[in-house]
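Asks: Throw the hints in and build the complete structure from the sequences for me.
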Amino acid sequence: MTALVEAEKTVSKKGDIMSGRVIVITSGKGGVGKTTTNANIGTALARAGKKVVMIDTDLGLRNLDLLLGLENRIVYTIVDVVEERCKLKQALVKDKKNPNLCLLAAAQTRDKTAVTEEQLKEICEELKKDFDFILVDCPAGIEQGFQNAVAGASEAIVVTTPEMSAVRDADRIIGLLEAKEEIKSYKLLINRVRPSMIKSNDMMSVEDVVEILSASLIGIIPEDTGIITSTNKGEPIVNDEKSLAGQAYRNVARRIIGEDVPFLNLEEDTSIMSKVKKFFTGLIGKEK
Amino acid sequence: MKDIFTDLYNKVLGFFRQTEKKEEESAKAVACNRLKFVLMQDRTNLTPELMDRMRKELIELLSRYVEMDKEALELGFEQEGNQMALMLSIPVLRAKDEAEIEAILEKEDEEKAKKDQQTDSVEDDNAEAIEDETSDNTEETEASEEDKNTSANDENISEEIEITEEENHSEQAEKKKKKSAKTSA
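Chain order of the listed sequences is A and B.
My numbering puts the first residue of the first sequence at 1, with every later residue one more than the last.
My numbering puts the first residue of the second sequence at 1, with every later residue one more than the last.
To be clear, the hints were calculated from the coordinates, so they are not data collected in a lab.
Ideal Cβ positions, reconstructed from N, Cα and C, are used throughout, including at glycine.
Each hint should be verified, as a subset may be incorrect.
[Claimed, not checked] Here are the computed distance ranges between Cβ atoms for each label pair: (1) B:Pro48 <-> A:Ser165: 16 to 22 Å; (2) B:Asn33 <-> A:Gly175: 19 to 25 Å; (3) A:Ser196 <-> B:Glu71: 37 to 43 Å; (4) B:Ala85 <-> A:Asp111: 55 to 61 Å; (5) B:Glu78 <-> A:Glu125: 20 to 26 Å; (6) B:Met54 <-> A:Asp260: 43 to 49 Å; (7) A:Met197 <-> B:Asp7: 47 to 53 Å; (8) A:Ile183 <-> B:Ser26: 33 to 39 Å.
Replies: Here it is as structure tokens:
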């Protein structure tokens, strides 16, 4: 509750009416971690005292509720709001732990045509009044679902992984975002980075991806098996203080708020075998 | 006995040194190169067929002025920040002299004239009159443009001849930046 009061203080300090930032999280390719990114950045922002609402626009294939562990609490969805079966506020599901965090769930039984671009824009405008951040979870692809999700947003986070297909799709998405006047800025988030594979030149490095896409970076998230367990538990990994991926997501949230946070050093290989190898390589080096 | 120990030492050393070995064609390098190539195609909407056509047309145009290694001609896009550049690298075997170039241009003009006549004869009478007028005009402008081109290129060519003579007709690659196009999807 103290966090909420703090958030309100920061807003009143500025002396203007709350006008939230609408950020769409998109990728083109499926399975690169859009929804995971959404759940974690949203949770991290809320932990930092911001009022956050997440909108799942993946109609028919909703998953954000699962990642947050809110699947049993959903009464109304975005389609119910649009078709006026309930008020917008009624459809917002509060997070279990953090009262700053809300979810507007997608309808599982409907398809992408159930909500239009205009309707999503209206919803975003309405939510801007009450929230600091509106995070829009975009479906995979570049069809109507993407167009809808982007409609109300003024910022974008493009999620990719250091794999060819994901980078290619990200490039396509960046092209589409650049063509949209409403999108004022977009940032790149590189997910599932494997430092050991990069070190052995078996995987493209973060620098390679940034150079190829010539986009500015907002986060580097290491591959982490903890993501799977956290999804299974319905508990975003940012709540795990020990997790490196969690730390990386918390840093992304701080960068979004405007803090200057250096990127994590993922180069350090901490496995036992590598330590042994390092020790002996050092010894041989000295002898020579 | 000593041999066994040195052998063992080398083997152990080899194991720990493995990580330092760098392969020339790593998976990362292959991925980067393939991606860059495919993204250039995606961004420009130029299919491999169109690129090939552009390549052929450029060869046709440039071989009026220089004798070049057609096989080694490289054509591709390169990213320079937010700008995309079309890079053309041509190994020049020999620059042609003025007389040669003029002979080629004259020959081409003759061929063009022949072609025009052929197409004209196929057309019906009314169209023929209009066609003649327009084709005459375009020929005139083209000829004047080509004159300009040859005069502008004279200096370059004479320079190149000097260089090639000095270097005993060695292959010389010249990079030309033909044009830049801003990326937009």
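Asks: Now, for every hint given, state plainly whether the structure supports it.
Replies: Now for the hints, and whether the structure bears them out:
1. B:Pro48 <-> A:Ser165: 16 to 22 Å: holds (19 Å)
2. B:Asn33 <-> A:Gly175: 19 to 25 Å: holds (21 Å)
3. A:Ser196 <-> B:Glu71: 37 to 43 Å: Holds - the Cβ-Cβ distance for Ser196 (chain A) and Glu71 (chain B), about 42 Å, lies within 37 to 43 Å.
4. B:Ala85 <-> A:Asp111: 55 to 61 Å: violated (43 Å)
5. B:Glu78 <-> A:Glu125: 20 to 26 Å: violated (43 Å)
6. B:Met54 <-> A:Asp260: 43 to 49 Å: Given range 43 to 49 Å: holds, Cβ gap about 46 Å.
7. A:Met197 <-> B:Asp7: 47 to 53 Å: Violated, since Met197 (chain A) and Asp7 (chain B) (Cβ atoms, about 32 Å apart) do not stay within the stated range.
8. A:Ile183 <-> B:Ser26: 33 to 39 Å: holds (36 Å)
Comparing the model with each numbered hint stated earlier shows that hints 4, 5 and 7 do not hold.
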